[in-house]
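Colleague: Residue numbers (my numbering): 14 to 229.
Careful: at least some of the hints might be erroneous.
[Unchecked claim] Straight-line alpha carbon distances no greater than 25 Å define the calculated DMTMM-like cross-link-like pairs of lysine to aspartate or glutamate that follow:
no. : residue 1 : residue 2
1   : K129      : E203
2   : K197      : E96
3   : K217      : E203
[To be verified] Label-pair restraints from in silico Cβ distances:
no. : residue 1 : residue 2 : range
4   : W194      : K24       : 42 to 52 Å
5   : R25       : F105      : 35 to 45 Å
6   : I63       : V181      : 33 to 43 Å
7   : K170      : S119      : 34 to 44 Å
Rather than coming from a laboratory, the hints here were simulated on the basis of the structure.
Every residue, glycine too, gets a C-beta built ideally from N, C-alpha and C.
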Amino acid sequence: MKRTIDISIIKRYLLFVIGLFVASLGVAFSTKAGLGTSPVSAIPYSVSLINTSLSFGGWLNLLSMLQITVQVLILRKSCKYLEIIIQIVLAFIYGYMTNFSCFLISSIEVEGYFAKFFFMILSCFILALGIWIQLKGNVAMLPGEAMNRAISQVTGKKYENVKILFDVLYILISAGICLIWIGKLQGVREGSIIAALLVGTIIKWYNAIFEPRGRG
Numbered sequence: 014m015k016r017t018i019d020i021s022i023i024k025r026y027l028l029f030v031i032g033l034f035v036a037s038l039g040v041a042f043s044t045k046a047g048l049g050t051s052p053v054s055a056i057p058y059s060v061s062l063i064n065t066s067l068s069f070g071g072w073l074n075l076l077s078m079l080q081i082t083v084q085v086l087i088l089r090k091s092c093k094y095l096e097i098i099i100q101i102v103l104a105f106i107y108g109y110m111t112n113f114s115c116f117l118i119s120s121i122e123v124e125g126y127f128a129k130f131f132f133m134i135l136s137c138f139i140l141a142l143g144i145w146i147q148l149k150g151n152v153a154m155l156p157g158e159a160m161n162r163a164i165s166q167v168t169g170k171k172y173e174n175v176k177i178l179f180d181v182l183y184i185l186i187s188a189g190i191c192l193i194w195i196g197k198l199q200g201v202r203e204g205s206i207i208a209a210l211l212v213g214t215i216i217k218w219y220n221a222i223f224e225p226r227g228r229g
């Protein structure tokens, strides 16, 4: 029995790592498209343009710490602190994974709006797949997605709908930061808005396609 449980845990962690890497590929593809950063990255990127005391990754880590704090506050006694520790580690590791993913596709040339738009849509499907795989692993998630899940658990709202709501909120805040302090939209474009609306919907499609009917 113990051997079976150990194998099950290993499979779940393997699923999670695969999902994490796939999600980083999605971010890399959105960067290559150049039509706006992914919603969860929009605020840190915008702030890094204004305040250079920290790098983009540094501001992203700060946002992750805020998202982790929200989880602890709303989950309270049901909070899994081992998972919280894992998320803190992931907040730093994920940046390196994303850099590696960007390196993998660095030789690809994307010219013309149609090609950029195609890459942007493709990035949404890849990112959604990565998040969906992480959910199936059910081990840990990146802080932003884990916060969405925690809010979903507490409020009873569907995870996908919570994600769409917060993605749109990230875009609006980022756009406000750029317009007020820079005077123009930078790092937030139509791709960011489409991703905010589309990724959660694609996750629903993955659930409908791969989950057996009648489950939960």
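Colleague: All the hints need checking, so say for each whether the structure fits it.
Modeller: Taking the hints in turn, this is what the structure says about them:
Restraint check for K129 and E203: the C-alpha separation of about 11 Å stays at or below 25 Å, so the hint holds. For the suggested pair K197 and E96, the alpha carbons sit about 39 Å apart, so the restraint of at most 25 Å is broken. Our distance criterion of 25 Å between C-alpha atoms is met by K217 and E203, whose separation comes to about 22 Å. Hint check: W194 to K24, Cβ distance near 47 Å, so the stated range 42 to 52 Å holds.
Here the CB-CB span from R25 to F105 is close to 22 Å, at odds with the stated 35 to 45 Å. About 22 Å separates the C-beta atoms of I63 and V181, a value inconsistent with the hinted range of 33 to 43 Å. Separation of K170 from S119 is about 39 Å and conforms to the stated range, judged on CB atoms against 34 to 44 Å.
The structure shown violates the earlier hints numbered 2, 5, 6.
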